[in-house]
Structures are given as structure tokens and as C-alpha cells.
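Assemble chains W, H, R, E and C onto chain B, guided by the hints.
6 protein chains.
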Amino acid sequence: MKISARNVLKGKVVKVTKGAVNSEIVLELQGGAQIVSVITNTSVESLGLKAGVDAYAVVKASNVMVAVD
Amino acid sequence: MKISARNVLKGKVVKVTKGAVNSEIVLELQGGAQIVSVITNTSVESLGLKAGVDAYAVVKASNVMVAVD
Amino acid sequence: MKISARNVLKGKVVKVTKGAVNSEIVLELQGGAQIVSVITNTSVESLGLKAGVDAYAVVKASNVMVAVD
Amino acid sequence: MKISARNVLKGKVVKVTKGAVNSEIVLELQGGAQIVSVITNTSVESLGLKAGVDAYAVVKASNVMVAVD
Amino acid sequence: MKISARNVLKGKVVKVTKGAVNSEIVLELQGGAQIVSVITNTSVESLGLKAGVDAYAVVKASNVMVAVD
Amino acid sequence: MKISARNVLKGKVVKVTKGAVNSEIVLELQGGAQIVSVITNTSVESLGLKAGVDAYAVVKASNVMVAVD
Chain B
22 MKISARNVLK GKVVKVTKGA VNSEIVLELQ GGAQIVSVIT NTSVESLGLK
72 AGVDAYAVVK ASNVMVAVD
Chain W
22 MKISARNVLK GKVVKVTKGA VNSEIVLELQ GGAQIVSVIT NTSVESLGLK
72 AGVDAYAVVK ASNVMVAVD
Chain H
22 MKISARNVLK GKVVKVTKGA VNSEIVLELQ GGAQIVSVIT NTSVESLGLK
72 AGVDAYAVVK ASNVMVAVD
Chain R
22 MKISARNVLK GKVVKVTKGA VNSEIVLELQ GGAQIVSVIT NTSVESLGLK
72 AGVDAYAVVK ASNVMVAVD
Chain E
22 MKISARNVLK GKVVKVTKGA VNSEIVLELQ GGAQIVSVIT NTSVESLGLK
72 AGVDAYAVVK ASNVMVAVD
Chain C
22 MKISARNVLK GKVVKVTKGA VNSEIVLELQ GGAQIVSVIT NTSVESLGLK
72 AGVDAYAVVK ASNVMVAVD
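Chains as they are written, first to last, in our numbering: chain B, 22 to 90; chain W, 22 to 90; chain H, 22 to 90; chain R, 22 to 90; chain E, 22 to 90; chain C, 22 to 90.
Bound conformation, chain B alone:
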């Protein structure tokens, strides 16, 4: 499946914190930066996400803000 989301960043899961409905996923990108995602527990399970798994962070362009110092 090819998706319209313009930002697909390759990385590896480094931490999964589960709540009752949502989980927080920390990914480490190839350049070393970390990305934090909040998705449902059901998705964590269906994708088999846990520390060490290769995964992508996916973000729609309209959800990216820009900031300057």
C-alpha cells in the first residue's frame, strides 16, 4: 500500500508504553533523532510493535508545523 502522507521516516522502535486505550511509541530514526507517536493498543498489537522492531513514522504534511528560534 502506498499512502499520500508525505512524511515516512525509517527507524526502529525503542520503547512502547501501554495505557488502557492508547500506547506511546518511541522510534529512533536512522539519523539518531527520536520520534514519539500515540496510537491505539490495537494497532500496537496488529503491527507487532515492541522494542527492536523496524518501523516507520508516518505524518501527513498538514500535521507538520514549522518553528524558528
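Simulated from the structure, these hints should not be mistaken for laboratory data. Do not take every clue at face value.
A pair counts as met if it fits within one copy or between any two copies, since identical chains are not told apart.
Once the Cα atoms are required to be at most 27 Å apart in a straight line, the calculated BS3-like pairs of lysine-lysine come out as [to be verified]:
{"id": "1", "residue 1": "71", "residue 2": "33"}
{"id": "2", "residue 1": "71", "residue 2": "23"}
{"id": "3", "residue 1": "33", "residue 2": "23"}
{"id": "4", "residue 1": "39", "residue 2": "71"}
For chains W, H, R, E and C alone, kept in the frame of chain B given last:
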């Protein structure tokens, strides 16, 4: 100002494409990856965004999805 | 690629309206309902979206609201 | 109240899973497809959402992505 | 229609800027603050939005960030 | 840091409800209106959010819908 958004990635603007209301901004992150953002023209102007300017991509964790191959 | 977004609805593109940065895509789902999406022109081109093309509408669960009469 | 969100899909609540802050709501649309939503518990209560209740899934067009096989 | 979005702020439209696909709407809230929204042109027309019209800004809680100085 | 998000509304935290992953924050704006936000617990801690703290609600324009009666 310190913001709750968990993802603040340092980079540099490499391209700005203006429409009537929104602009598309391409940022190159320090690791070389590119991030695409769509924001209003008014923000592009008030932040002085143009190619070469240092800037951050900012994304709320709930707007980050995860994918696996 | 398998994505964490919980809502992936099968349909067919029925209309594409292009702007300078974004396009509006109308999809007709298998049950006959229509879904409207706004994505960047670059994605419209890279996915080859035009009337008649089979496609999915994809929505992260945290972006779905609920309403009652 | 009439809202700007372009996607308002009629269905019925089939499942509510409550967490400490958010709940996951599963709706079944008229065509049989399921839609998953994550909203706050307060909204679940103020709207009286529980299995069997008629409800709409509401999504802003800019939050809909498109994918192709 | 009663919606799950937790933030429904009463105001008045003060400006509409149309693009090819999206419009930018500026609302003035009752306390004097301004809120900017970007929605599709089709919604602007179907809701009859123009300067002087009473309207609400509606925001899902998961789309609200918090910042401190 | 100056951010592209067009909506930055000054207020004060009046309530924080923590879950396992996310917290719900209620802010009271200067005009008396309340804004509800859902952010991660980590952000609540790193920003030191608790009742009485001055804070801003920040919303990207593309996440603001408009409604009329």
C-alpha cells in the same frame, strides 16, 4: 515559548511553494531526511521562511502514525 | 506497508480538484457513501489519482469525532 | 449545528472501551464498514454513547489520507 | 447535531480568504480573541460563511497543544 | 521559539487529569471560555502543568472547524 508537542526536529528550509492560502514547506533535517509541511501563507511570512533559513519541524505525538513493512 | 491508522476504507476516486498546493479528492466507498480528502498535489501525482482509480481513504482514529442527533 | 467537516457518516455504536482519559468507540456504518474513533470520556458521557446508539463519524477532509495498492 | 469535539467557541466571521481548494476563515470570539481556520471552499459555501456571520470555532481536544513561556 | 500555528490563546490551567499515557488539561482563557487539550503525560511533566499555571492553548489553523447554528 516551550510547547507540549513531543516532536521538534531541527533542520533548514529548502523550498517554499506558495498557493493562495497555504504554502508547502520542505525542510531538510540534520540527518539528511526531508520533512514536508503545509502551513498558511501568513505563517510563512511572519516566520520569514525561505530557502536557507534554519527552522524546526514540530509535530504533536497524536499526529504520528507508525507503519511496518 | 501496514499502517497503524485504524480506518482504511476501500473506494474509487470520483473527482480531483487541484489547487496550487493542495487537491481535494472525492472518493466513493463501496457502500455508496462519499469521502472527501485534502492532500498535496505532489501526492496526487505520485499516487496517480484521477477519476476511476481504486483507492483507500485512510484516517487515524484520533482524528474521528462522533456526533449524535 | 451544521459543521464544516466534509465527512459525516451515519452508523451505530457497536463498542465502547474506556480508559482513564480517552475512550475508543467502534461505529458500524450503514454499508457494514467499521470506523474507529478515540475521543475523551467526557464526550462519551455527554453524548450518551454506548452500544446500540445511532451516531455519526465526523472527519475533517484535511485529516483524510488516500492510499493505493 | 451534538458533536464530541470538546471545544466549541462562539464568535463571528470577520474575514474569508478563498483559494482554489481551501479558504482561510478568521473568527473573532466573544472575548475579542481571534481564531483562524482553514476549511474547504465547499464548506464555506454550504455554511454561508462571510464577514458578519455568527459562527463557532470547533476543535477536537487531541488537536490542542499547550505551551508555557 | 516562534511557531507557525496561527492560534495561540493565553490562559491558565484549571485542571489536569492524568491517564496512563495521556492527560486531559483544562485551560481557562482570559475571556472566561474553557479549552480542553489532550497531551502526553511526559509533556505535562516537562512543562510543569498543574492548576494555576499560566499557559497557552495552541492550535494549527487546519485543525479548526467552523460551525453555524
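Broken hints, by number: none
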